[in-house]
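**Q** This is what each chain is made of:
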Amino acid sequence: MELYFFYMFSGGMIITSLLMITRANVIHAALLLVLTFFFLAGIFVLAGAEFLAAVQILLYAGGIMVLYLFSIMLMNVEVAVRMRQWHRQGVVVFVAAVLLGLEIWAVLKGVEFPAAKQWEWSLGATPGNVEALGAVLYTKFLFPFEVASILLLAAMIGAIVLAKRTIER
Amino acid sequence: MIPMTHFLILGAILFLIGAMGVLMRRNAIIILLSIELMLNAVNVTFVGFSRHLADMTGQVFAIFVITVAACEAAVGLAILIALNRDRTMVNVDEVNLLKW
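If you're matching them up, the sequences are chains A and B in order.
Note that the numbering used here has the first sequence beginning at 51, numbered continuously upward.
Note that the numbering used here has the second sequence beginning at 21, numbered continuously upward.
Isolated chain B, as found in the complex:
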């Protein structure tokens, strides 16, 4: 039996790695990949709680998280393709038209 704190610590480490990827990289695709990593870190926590409490609800919510991740990937990639169409813009700090 794996202790639940192991799952929680693994989820926290992965979430921090994903957050650092989002904050430090300029490449928009890597930022989207880091967001996927953060969503999966949440899934680790959900499944750990589901194991610990012997309750299926955690796994059901992990499925909903995967659904949201699929939606986020589709819309995010569509935005990137639209940005990439007229001129090459793959870095997030080049998209600064609305920046104050």
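Bound conformation, chain A alone:
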């Protein structure tokens, strides 16, 4: 049962992402990527990462993709629909993709994974996924957490400076 849902979600992800990279209209591409993220949230729930599934929908689909859509509407994108959409380097890209795929396949084929550990996970269990994640994030990974906040601050200042019309000296 779990496996059927996994195949359904992953099939949906692959189809929507293939459609996403072939659209001429960027708004359609952004909305297809939102759909991909919804399927990905389903996969996160199947893998026992409930908090990440919620973050995926609230923050990715609801935050980052809305930022994309607002920025697309600020730009002049209608002209791009009528232009040539593809680089003239299809053969090179195909060869690179096949090589990368073969490399990933060889690594996956050759490696010995440690045996799966069973964790007592079930949907709605207590203490749940959020408590467990918070306990690790705010103790063992407190310093990377603070570094991530500095990264967000730097990105915010950088985005404002780059998108500002003129900078007074």
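Hints may be right or wrong, so weigh each one.
Claimed, not checked - Okay, derived cross-link-like pairs now, DMTMM-like style, lysine to aspartate or glutamate, Cα gap no bigger than 25 Å in a straight line:
1. A/Lys167 - A/Glu181
2. A/Lys167 - A/Glu100
3. A/Lys159 - B/Asp75
4. A/Lys190 - B/Glu114
5. A/Lys190 - A/Glu100
6. A/Lys167 - A/Glu52
7. B/Lys119 - B/Glu92
8. A/Lys214 - B/Glu92
9. A/Lys214 - A/Glu128
10. A/Lys214 - B/Glu114
11. A/Lys214 - B/Asp113
12. A/Lys167 - B/Asp75
I should point out that these hints are in silico values taken from the structure, not numbers from a laboratory.
These numbers were taken from a predicted model, which means no experiment stands behind them.
Following the hints, put chain B in place on chain A, whose structure we already have.
**A** Only chain B this time, still in chain A's reference frame:
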């Protein structure tokens, strides 16, 4: 229980689709969207390992990846808006002032 190779293969397929989007498209916004797809493919792998090893670290790192993706989206879109301001430049091969 989903086998971990399923997660890894799904992550690899999504990463390849994203990489092909980055390499083949001219539209800069689609390239940024493809980069988001590649970052999410990495998240699939992290969460698969987290499930397999019964360890929370994979999910913590997925959160950090989402943070970096948010930063990348903000700065990338700001660059695109700055490029788009004076004249319409949405294709990456038109931005070739520094190209040798």
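**Q** Work down the list of hints and note, for each, if the structure agrees.
**A** Comparing the hints with the structure gives:
no., hint, verdict
1, A/Lys167 - A/Glu181, "20 Å, holds"
2, A/Lys167 - A/Glu100, "19 Å, holds"
3, A/Lys159 - B/Asp75, "23 Å, holds"
4, A/Lys190 - B/Glu114, "46 Å, violated"
5, A/Lys190 - A/Glu100, "20 Å, holds"
6, A/Lys167 - A/Glu52, "18 Å, holds"
7, B/Lys119 - B/Glu92, "23 Å, holds"
8, A/Lys214 - B/Glu92, "17 Å, holds"
9, A/Lys214 - A/Glu128, "23 Å, holds"
10, A/Lys214 - B/Glu114, "22 Å, holds"
11, A/Lys214 - B/Asp113, "24 Å, holds"
12, A/Lys167 - B/Asp75, "9 Å, holds"
Going down the numbered hints, you'll see the structure goes against just number 4.
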